[in-house]
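Line by line, the protein sequences give chains A and B.
Under our numbering, the first residue of the first sequence carries the number 1, and numbering increases by one thereafter.
Under our numbering, the first residue of the second sequence carries the number 307, and numbering increases by one thereafter.
Worth flagging that the hints you see were computed from the coordinates, not collected in a lab.
C-beta: ideal position from N, C-alpha, C; glycine also.
One or more hints might be untrue.
Using 30 angstroms as the maximum straight-line C-alpha spacing, the simulated BS3-like pairs for lysine-lysine come out as follows [as the list claims (entries may be wrong)]:
| # | chain 1 | residue 1 | chain 2 | residue 2 |
| --- | --- | --- | --- | --- |
| 1 | B | K344 | B | K313 |
| 2 | B | K423 | A | K275 |
| 3 | A | K136 | A | K64 |
| 4 | B | K421 | A | K275 |
| 5 | B | K344 | B | K421 |
| 6 | B | K313 | B | K421 |
| 7 | B | K344 | B | K423 |
| 8 | A | K296 | B | K423 |
| 9 | B | K421 | A | K296 |
| 10 | A | K296 | A | K275 |
| 11 | B | K313 | B | K423 |
Some chain A residues close to chain B (C-beta under 8 angstroms, calculated; not the full set) [claimed, not checked]:
| # | residue |
| --- | --- |
| 12 | V121 |
| 13 | A123 |
| 14 | R124 |
| 15 | A128 |
| 16 | K129 |
| 17 | L210 |
| 18 | R214 |
| 19 | R217 |
| 20 | Q241 |
| 21 | E244 |
| 22 | L248 |
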Amino acid sequence: MAKRNETSRETMTLNNQAPELARSEAPSELLRELVAHLRQNRTQLREEWVVRISETRLLTAMTKEEIFAEATSIYDSYVEALETEAFEALQAYARNLSERIIPRGVETHEVVGIVLLLRDVLARSLFAKYQNDFKKLNRILDAYEPAANRIANTVAVGFVQERERVIRQQQEAIRELSTPVLQVRERLLILPIIGVIDPQRARQLTEQLLRGIRTNRAKVVVIDITGVAAMDVTVANHLVQTVEASRLLGATVIVTGLSPEIAQTLVTIGVDLGKMNTVGDLQGGIEQAERVLGYKVATLAEPEPR
Amino acid sequence: MEVPILKQGAVLIATFQAALSDADLNQLRMGLVQQVVKFRSRAVIVDVTAMDVMDSFASRTLREIAHMIRLRGADTVIVGIQPEVAFAMVQLGLTLEGVATALDLEEGLAYLNEKFKTTN
Chain A
1 MAKRNETSRE
11 TMTLNNQAPE
21 LARSEAPSEL
31 LRELVAHLRQ
41 NRTQLREEWV
51 VRISETRLLT
61 AMTKEEIFAE
71 ATSIYDSYVE
81 ALETEAFEAL
91 QAYARNLSER
101 IIPRGVETHE
111 VVGIVLLLRD
121 VLARSLFAKY
131 QNDFKKLNRI
141 LDAYEPAANR
151 IANTVAVGFV
161 QERERVIRQQ
171 QEAIRELSTP
181 VLQVRERLLI
191 LPIIGVIDPQ
201 RARQLTEQLL
211 RGIRTNRAKV
221 VVIDITGVAA
231 MDVTVANHLV
241 QTVEASRLLG
251 ATVIVTGLSP
261 EIAQTLVTIG
271 VDLGKMNTVG
281 DLQGGIEQAE
291 RVLGYKVATL
301 AEPEPR
Chain B
307 MEVPILKQGA
317 VLIATFQAAL
327 SDADLNQLRM
337 GLVQQVVKFR
347 SRAVIVDVTA
357 MDVMDSFASR
367 TLREIAHMIR
377 LRGADTVIVG
387 IQPEVAFAMV
397 QLGLTLEGVA
407 TALDLEEGLA
417 YLNEKFKTTN
């Protein structure tokens with residue numbers, strides 16, 4: 001099969017020396033002929049395509065029936081895009097498809113792969129059909145290849161755009177979940193951090209905290225990182241810098257809830273423990289902050305009756 | 307532009323009005339170190355609220371001022387560092403180690419009053 005493919009390509013390059021000849025027939029007419037051919041052999045070509053997909057182990061996240069169903073609609077949209085040369089419908093379909101398959105873990109290379117496979121399967125069928133008339137084959141391919149490449153392009157771009165949209169959406173969700181700076185007592189702020197901290201979020205946290213210190217005139221800040229499982233060296237450094245910057249604004253920072261992993265990271269980067277004030281848990285941190293601020297919390301002798 | 311040095315009880319207050327040249331900073335350093343003994347002041351407050359950029363020279367000079375005043379027997383508090391400036395300074399490694407800092411002039415005075423109370 002591959003051999004035949006190569007031979008035809010060689011002939012094609014040879015014949016490319018006479019482009020006027022190739023364009024003598026209107027491309028739209030050729031496309032019509034092409035589309036008719038693809039419509040006629042729909043069942044067989046689609047079957048072949050599905051076999052090629054499972055052979056190359058693409059779309060492993062989907063069942064055979066699903067692949068067949070998707071293949072059918074992709075095939076039809078593909079032929080329709082070839083026929084009308086309007087890519088909007090295909091674009092919409094690609095976006096819709098991406099929306100459905102991205103959550104199932106389908107990768108970019110798989111989507112690009114199946115579209116390229118379809119392109120190859122169809123090209124093969126054209127070779128087979130016109131193998132006795134190379135000039136005709138050339139003209140057909142001249143019409144087919146740009147359109148097919150554009151389709152592959154459209155689908156790939158649609159998929160990547162959809163993926164990026166999902167990522168953006170998730171980033172926004174994280175940003176919105178991002179950490180509030182809370183005042184729990186006069187001059188005492190709490191910053192509970194939950195989840196993964198990337199450099200961008202770390203910067204945002206610092207900005208919020210430093211502004212919070214200014215607007216609330218805070219003297220003590222408790223940063224609780226119980227909800228942070230681990231942080232990399234960059235973010236750990238950032239945390240240390242945040243502590244120092246807070247000190248420049250006249251506020252003391254108490255860090256609470258360090259996990260063993262984070263403690264390890266901080267020791268590895270050689271943090272100056274004289275600058276870092278750490279307490280085991282949030283409660284202990286708040287108690288120490290209250291001591292610093294001169295608060296004294298006492299239990300009433302008799303609990304009030306409910 | 308010269309930095310005015312005001313005497314307020316036992317405290318000298320120097321307020322930056324704008325970004326300063328290196329010469330102004332040197333002049334401020336000499337002025338403060340001389341006057342702190344002349345007026346028998348117990349502390350100096352340097353208010354940098356108006357500075358929206360703090361370069362390494364300014365930062366080093368502030369630290370030198372604090373250490374020289376310490377040697378002359380008084381305390382120093384730097385007040386009014388802007389949040390953005392604070393973080394930029396830390397990123398450049400200019401952390402004013404061993405120098406007291408406070409949010410603003412009021413906080414600085416409150417800090418010194420506390421300190422005077424405990425040392426008396």
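How the hints compare with the structure:
Between B/K344 and B/K313 the alpha-carbon distance is near 11 angstroms, which keeps this suggested pair within the 30 angstroms criterion. For a cut-off of 30 angstroms, the pair hint linking B/K423 to A/K275 stands: about 25 angstroms separates their Cα positions. For a cut-off of 30 angstroms, the pair hint linking A/K136 to A/K64 is broken: about 37 angstroms separates their Cα positions. In summary, the hint linking B/K421 to A/K275 is supported, as the alpha carbons are separated by about 21 angstroms, within the 30 angstroms threshold.
With a CA separation close to 22 angstroms, the supplied pair B/K344 and B/K421 stays within the 30 angstroms bound. Of the pairs offered as hints, the one joining B/K313 and B/K421 holds, with about 18 angstroms between alpha carbons and a cut-off of 30 angstroms not exceeded. A distance of roughly 23 angstroms separates the Cα atoms of B/K344 and B/K423; the hinted pair therefore holds under the 30 angstroms criterion. For the given pair, A/K296 sits about 21 angstroms from B/K423 by alpha-carbon distance, which is consistent with the 30 angstroms threshold.
Taking the CA atoms of B/K421 and A/K296, the gap is about 21 angstroms. The hint holds against a cut of 30 angstroms. Of the pairs offered as hints, the one joining A/K296 and A/K275 holds, with about 25 angstroms between alpha carbons and a cut-off of 30 angstroms not exceeded. For a cut-off of 30 angstroms, the pair hint linking B/K313 to B/K423 stands: about 20 angstroms separates their Cα positions. Look at A/V121: its Cβ only gets to about 57 angstroms from chain B, farther than 8 angstroms, so that hint breaks.
With its C-beta approaching chain B no nearer than about 57 angstroms, A/A123 sits outside the 8 angstroms limit, and its interface hint is violated. Among the interface hints, the one on A/R124 is violated; its C-beta lies about 60 angstroms from the nearest C-beta in chain B, farther than the 8 angstroms criterion. Of the supplied interface hints, the one on A/A128 is violated, with its beta-carbon coming no nearer than about 66 angstroms to a beta-carbon of chain B, more than 8 angstroms. Interface restraint check for A/K129: the shortest CB-CB distance to chain B comes to about 67 angstroms, outside 8 angstroms, so the restraint is violated.
Hint status for A/L210: holds, given a least beta-carbon distance of 3 angstroms to chain B, under 8 angstroms. Checking A/R214 against chain B: minimum C-beta separation of about 6 angstroms stays under 8 angstroms; hint holds. Because the smallest distance between the Cβ of A/R217 and any Cβ of chain B comes to about 6 angstroms, under 8 angstroms, the interface hint for this residue holds. Hint status for A/Q241 relative to chain B: holds, with the closest Cβ pair at about 4 angstroms, below 8 angstroms.
Interface hint at A/E244: satisfied, since its Cβ lies 5 angstroms from the closest Cβ of chain B, which is below the 8 angstroms cut-off. For A/L248, the interface hint holds, since its Cβ comes within 8 angstroms of a Cβ in chain B; the closest pair sits about 4 angstroms apart.
Checked against the numbered hints given earlier, this structure breaks hints 3, 12, 13, 14, 15, 16; the rest are met.
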